[in-house]
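Student: Going down the list, the sequences are from chains A and B.
For the first sequence, this note's numbering begins at -19 and goes up steadily by one.
For the second sequence, this note's numbering begins at 3 and goes up steadily by one.
Keep in mind that the hints were calculated from the coordinates and are not lab data.
Each statement offered as a hint is correct.
Calculated from the model, a selection of chain A residues having no Cβ within reach of chain B, i.e. all distances over 12 Å:
# : residue
1 : Thr(-14)
2 : Arg(-7)
3 : Ser49
4 : Gln52
5 : Ser59
Some, not all, of what chain A presents toward chain B, calculated at C-beta under 7 Å:
# : residue
6 : Gly2
7 : Leu22
8 : Val25
Which chain A residues stay away from chain B? Per the calculated CB distances, all over 10 Å, these:
#  : residue
9  : Ala(-15)
10 : Gly46
11 : Gly62
Glycine included, every Cβ here is placed at the ideal spot set by N, Cα and C.
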Amino acid sequence: MSTTATREQIESRVFQALEEFGAEPDQISPDAEFEALDIDSLDLVELAQIVEDEYGVQLKGEDMEGITSVRQAVDLVASKLG
Amino acid sequence: MTRNVVITGVGAVTPLGVGARTLHERWSAGQSGIEDGFGRATEFEPKDHLSTKEVRRADRFTQLALAAAAEALEDAGWDDGPPGDPDFAACLIGTGIGGIDTLERQHLILQQQGADRISPLSIPLLMANAASGVVAMKHDLRGQSFGTVSACAAGAHAIGMAARLIRYGDAETVVTGGSEAAITPLATAAFSRMDALSDSGISRPFDRRRDGFVMGEGAGILVLESEEGARERGARILGYVRGYASTSDAHHLTAPEPSGRGASKAIELALRDAGVGPDDVKYVNAHGTSTPLNDRAETNALKSALGEERAAQVPISSTKSAIGHLLGAAGAVEAIATLLALRDRIAPPTLNYEEPDEGLDLDYVPKEARPLANGDGPAIGISNAFGFGGHNAVLCLEAE
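Using the sequences and the hints, build the whole thing.
Tutor: Next up, the structure:
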């Protein structure tokens, strides 16, 4: 079951998760690339878990393929919720 | 041609604090790191030593190894990675159990929240080789890297094998040792159920009243190098891994063979490997767990390997009297304690040793540290490590 959230809320939650994963807070922005933030595939699996807990949407491995930036990740979650 | 193996750096995190020399100084001063029946590394704050990412990506046993490794590499004067060819820089770190804290936490999540909630980091955190892998990754050690698993002999096995890698030419440098963080609900209950833990919560090796071991946690890491390589780069040499041997009791799952046959053979072979005899041994750092069976079998083994006369002369002490039993880290932490004691030409004390037991009649260095009767010769000592499964590993070390 999915819940509703604004794009801003999703972005804020993703930022928070990235910081928990160890990304430098001042480098986290919508345009930031995961590679530059030192965020790897294991982090993205954890991010998918957080998104599922928070918003009730499932992100599968194929959904995450090609997701390389913060903006793409937020867009993906927003589109699943939409 | 046999190559000499030198020790150029040491690092440790133990119940006596952060730092190899802290361990040595505090133990030598008679301080204990045991509180409420456990030897916890309470002075270790992971975020003081590791990045947020490193903390998240490592079970506590790997965090301890990372901190000890950083100290050892700095001590060895390594700047950024190994001084020589990284393809010939190895990493061997032993553990008794590995990431059991992660295992227990994730198993609870599995039961309470279901399989979908299990962390994707579970396996890389709990695997017993994690410390070796993560330390190698952090310091660009591209040669052989693996974990040794032999219960409470694991740290000594790692160091022994590391020395062999250098002697054989498989490695020029090795970051090696042991790490353990098993003061967890399951591991504690399990050791307790098998009657291995001390009811009194007091670690008093070789004492008549000893009633089991006190669980500890920590890590010990050494930097080993070929002597020629170390001298070429002008490294400060702390000492030598002169000899190493390992045997198996082939007797019982947990109990040592009572006569100390396997342990004695390991001591004999380690001395032979080092090219020295019983009279050359100036100090013995015993496995000395404070269990009724180990301390008796080990005493027998020392008498048998060194001869009754020599065994009665040489000072024998147990680091576990001050920090408890660090399981897979014990052999490594105690090898470091041995080396630093030999360097200072002292035998630190077996704390809490007060009442002799029948047949346990060697010099266990009661009360306080004592200068070694060194003479003019090199300071040579042995460090014993024995593990459930009947594993015996003995290191023969020499201080500069």
